[in-house]
Amino acid sequence: MDKQLAQQFVDALHARHVPVGLAFVEEVPASVGHIDRKVPSACTFWVLAEKGVFFASAEDHQECPIGMMTMGFTMPQEAQERAQSLVQTMASVQYFSPDEVSALPTVKKPHNSIVYGRLDRFPDEVDPDVVLCILDTQQAMLIAEALGQVNWLQGGQVAFGRPTCGVIPRTIQTGEPSMSFGCVGARTYIELTPGEVVMTLPATRFPELVERLTTIVQANEALAPFHQGQKAKFASI
1 MDKQLAQQFV DALHARHVPV GLAFVEEVPA SVGHIDRKVP SACTFWVLAE KGVFFASAED
61 HQECPIGMMT MGFTMPQEAQ ERAQSLVQTM ASVQYFSPDE VSALPTVKKP HNSIVYGRLD
121 RFPDEVDPDV VLCILDTQQA MLIAEALGQV NWLQGGQVAF GRPTCGVIPR TIQTGEPSMS
181 FGCVGARTYI ELTPGEVVMT LPATRFPELV ERLTTIVQAN EALAPFHQGQ KAKFASI
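Each residue of the sequence shown is one higher than the one before, starting from 1 at the first, in full-length UniProt numbering.
Hints listed in this document are in silico derivations from the structure and should not be mistaken for laboratory results. Keep in mind that a hint or two might mislead.
[Stated by the list, open to error] Below 30 Å or equal to it, Euclidean Cα-Cα: the simulated DSS-like pairs (lysine-lysine) are:
(1) Lys38 <-> Lys109
(2) Lys3 <-> Lys108
(3) Lys108 <-> Lys51
(4) Lys109 <-> Lys51
(5) Lys3 <-> Lys51
[Stated by the list, open to error] So the derived label-pair ranges between C-beta atoms look like this:
(6) His34 <-> Gln230: 27 to 37 Å
(7) Glu191 <-> Gln228: 43 to 53 Å
(8) Arg121 <-> Gln228: 19 to 29 Å
(9) Asn112 <-> Ala232: 21 to 31 Å
(10) Ala232 <-> Pro110: 56 to 66 Å
(11) Val93 <-> Val150: 18 to 28 Å
(12) Pro98 <-> Gln230: 24 to 34 Å
(13) Gln80 <-> Arg121: 31 to 41 Å
(14) Glu59 <-> Leu223: 42 to 52 Å
(15) Val93 <-> Pro194: 31 to 41 Å
(16) His14 <-> Gln77: 14 to 24 Å
(17) Glu191 <-> Thr106: 38 to 48 Å
Glycine residues also receive a C-beta, built at the ideal position from the N, C-alpha and C atoms.
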């Protein structure tokens with residue numbers, strides 16, 4: 001992938017966050033180092049990936065049983081028990097139904113590690129499976145327009161809530177972009193602002209998105225003066 005695309009993406013959206021890639025691998029490239037710290041959640045890796053490139057194993061994900069599940073790692077007995085306890089807690093406060101666990105998407109691609117990293121620094125030896133972006137709602141709208149996901153003829157945008165990490169396997173399974181409004185876990189661990197959401201898309205579609213995004217941003221800029229002028233006619237509003 002052309003690494004300049006990541007910068008074009010950031011420039012077009014004036015984005016606060018850089019897009020990151022995730023590659024589910026059985027063999028880690030020699031150039032990629034192991035994560036050098038423990039983290040409380042799988043989603044924490046996303047914001048760390050904005051600063052560089054690293055790989056994380058199944059063991060590195062064990063503090064987050066739900067994340068282990070959605071990322072498709074085999075869970076040891078202790079992690080399974082913690083996951084069951086967490087689901088029971090969620091059910092007890094009517095946040096999450098135990099029946100819903102069986103419907104959670106999980107990564108099926110064979111892997112024992114995940115390479116995380118900024119797209120503009122992603123190693124040439126491996127291709128990302130998914131691009132993950134943290135966006136504000138205006139940026140999310142521009143991307144949805146660029147991807148044709150707010151076209152009424154095509155059924156509109158599909159968005160999910162919890163767990164936020166579920167959009168990663170959903171994108172891998174469907175080959176389609178996915179969006180999460182951001183669950184309470186993700187908002188706590190990676191400090192999403194109230195106006196931010198998480199979007200994933202197949203890495204193979206990222207070049208197409210960046211190309212189309214330029215047109216959509218220009219279209220919005222061209223339409224803005226009309227709406228500003230219309231609003232000015234009603235100064236009391």
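Each hint, compared with the structure:
no.: 1; hint: Lys38 <-> Lys109; verdict: holds (24 Å)
no.: 2; hint: Lys3 <-> Lys108; verdict: holds (27 Å)
no.: 3; hint: Lys108 <-> Lys51; verdict: holds (27 Å)
no.: 4; hint: Lys109 <-> Lys51; verdict: holds (26 Å)
no.: 5; hint: Lys3 <-> Lys51; verdict: holds (15 Å)
no.: 6; hint: His34 <-> Gln230: 27 to 37 Å; verdict: violated (56 Å)
no.: 7; hint: Glu191 <-> Gln228: 43 to 53 Å; verdict: violated (33 Å)
no.: 8; hint: Arg121 <-> Gln228: 19 to 29 Å; verdict: violated (39 Å)
no.: 9; hint: Asn112 <-> Ala232: 21 to 31 Å; verdict: violated (60 Å)
no.: 10; hint: Ala232 <-> Pro110: 56 to 66 Å; verdict: holds (59 Å)
no.: 11; hint: Val93 <-> Val150: 18 to 28 Å; verdict: violated (33 Å)
no.: 12; hint: Pro98 <-> Gln230: 24 to 34 Å; verdict: violated (51 Å)
no.: 13; hint: Gln80 <-> Arg121: 31 to 41 Å; verdict: holds (35 Å)
no.: 14; hint: Glu59 <-> Leu223: 42 to 52 Å; verdict: holds (51 Å)
no.: 15; hint: Val93 <-> Pro194: 31 to 41 Å; verdict: violated (21 Å)
no.: 16; hint: His14 <-> Gln77: 14 to 24 Å; verdict: violated (47 Å)
no.: 17; hint: Glu191 <-> Thr106: 38 to 48 Å; verdict: violated (26 Å)
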